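**Student:** As a plain string of letters, each chain reads:
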Amino acid sequence: MYTAADLRKGLKIAIDNEPYIITFFDFAKPGKGQALYRTKLKNMMTGSTLDRTYRSGETFEPANLEDRKMQYLYKEDDHYCFMDNDTFEQIHINEVSLGDAKNYLIDNLAVDVLIFRDKAIGVDVPNFVNLRVTQTDPWVKGDTSGSDSKPATLETGYVLRVPPFIEEGELITIDTRTGEYSTRVKG
Amino acid sequence: MAGNWALSRRRGALVQRGAIFDRVRSFFKEKGYLEVETPFRIPAPAPEAQIDAIPSAGWFLQTSPELCMKRMLSAGYDSIFQICRCWREGERGVRHLSEFTMLEWYRAGADYLDLMKETEALVRAAASAPRVAYRGLSVELTAPWERITVAEAFRRYGGTTPEEALAEGSFDQVMVERIEPQLGLCRPTFIYDYPACCGALARLKAGDPSLAERFELYIGGLEIANAFSELTDPGEQRSRFEAEARERASLGKAPYPVPEKFLSELASMPQAAGIALGLDRLVMVLLDAASIDEVVAFTPEEL
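Protein chains in written order, with our numbering: chain S, 1 to 187; chain V, 1001 to 1303.
In case anyone wonders, no lab produced these hints; they're calculated from the structure.
Each hint should be verified, as a subset may be incorrect.
[Unchecked claim] A few chain S residues facing chain V, derived, Cβ under 10 Å:
hint	residue
1	GLY47
2	SER149
3	GLY169
4	THR183
[To be verified] Straight-line distance between alpha carbons at most 35 Å, and here's what the computed DSBU-like set of lysine-lysine pairs gives:
hint	chain 1	residue 1	chain 2	residue 2
5	V	LYS1029	S	LYS69
6	V	LYS1253	V	LYS1029
7	V	LYS1031	S	LYS40
8	V	LYS1205	V	LYS1117
9	V	LYS1253	S	LYS32
10	V	LYS1031	S	LYS32
11	S	LYS40	S	LYS9
12	S	LYS32	S	LYS150
13	S	LYS9	V	LYS1253
14	S	LYS75	S	LYS32
15	V	LYS1261	S	LYS32
16	S	LYS186	S	LYS150
17	S	LYS75	S	LYS40
18	V	LYS1205	S	LYS32
19	S	LYS32	V	LYS1029
[What the hints assert, rightly or not] Chain S is nowhere near these chain V residues, computed Cβ spacing over 10 Å in every case:
hint	residue
20	GLY1018
21	ILE1020
22	SER1128
23	THR1142
24	VAL1176
25	ARG1187
26	ALA1196
27	ARG1248
Remember, it's a predicted structure, so these values are computed and weren't measured experimentally.
Backbone N, C-alpha and C define an ideal beta-carbon position, used for all residues, glycine too.
Could you put the whole structure together from the sequences, leaning on the hints where they help?
**Tutor:** So this is what it looks like as structure tokens:
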């Protein structure tokens, strides 16, 4: 069971026995008033969204999901294909259901496929994944523009801000919970 | 060269933060205020229903320096300010850190209207610019700032009255969802005259005891400061504390010891006004930061 203090972006909870994922979270506390936990929730089955504000003391059941260890194989149109390495069963999940996870899917990545009522409705990726930089502008030594970051495109097509010293072809670690650069992989 | 990139890239913000703190200190020193320090770790925080102190070896980390600073007022220190750390259990979000930096100041002989003027001057001094760009807004800092009563804000933006909202238990939700986003968009806004029950340490309004002489400052929808004409009646203060303690108990929260030394010295406290201003939040506005994380060296998650 979760309390209001556990609520955060990415948490999956059950509402009316259906699985919802928190897509936006904001802690608010006006003046000397009570703590309010504002959320946007997406129904993982239907994709419909809700705005809900919760208060301290409220409790939540985790979404009743089964997770299966699978491997990412390939993308076909707007579907992503995953395989169970024990049974060789393959399943497809559409891009909308994947959400931000699609930014981190590289061939053979091990993920948890989330199953609800025998239907695959999303995936959990590892907290940290290593991805290669396929495009970023070079850093000019002695650059005094004061810019502390620059955009980089990764092999999955994901674009994020990285430190100026990161070069094309380098492998970097991304924190998938925030979508942000974490470290450079020493190689 | 790599090091901690998140930390190293905050250098610009931290340098500006330091400059803002310098200007704040100069402002008070030029006005004859004494900078004081009071203990962070205290035996008895003010018993407010919705503010939770973090226990520390049998005592508590302060949630604000209010009680100690008022004891200094009672002892004749008539114009004092402090910049200090405060701690509030469970408060974390893009505008909240559980450990944050408060600027608090008190002036004997002043009331909350005097403090509005002084707050305008302070923020202008801290900004050292006539306007500030924040979250896509251009907020004009030159006087006069907007002043709106709580009742008017509820009528204009909330579609209800403070009394109705209190009766329904939705006062805070209406504030957060409907009113706060409308405050301080063109100029900073003072929202003032709160229902009497919303100011446990505030004096009631002369001529209207249903209201407390309290204001809050908002800039760009962000709450920056909270101020009172201070309550100086020890009997009244004790019964307010008892009411807050009952509410804490009804919410299942642990009781705090009664701050007896504060209550006994309150009788000698002069009429005064005081204000608590979230300095991290002010820095956020002046630097156009989307998150409080951008204006501190370390967040708790980074420790």
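**Student:** Okay, which hints does this one fail, numbers in order?
**Tutor:** 1, 3, 5, 6, 7, 12, 14 and 24
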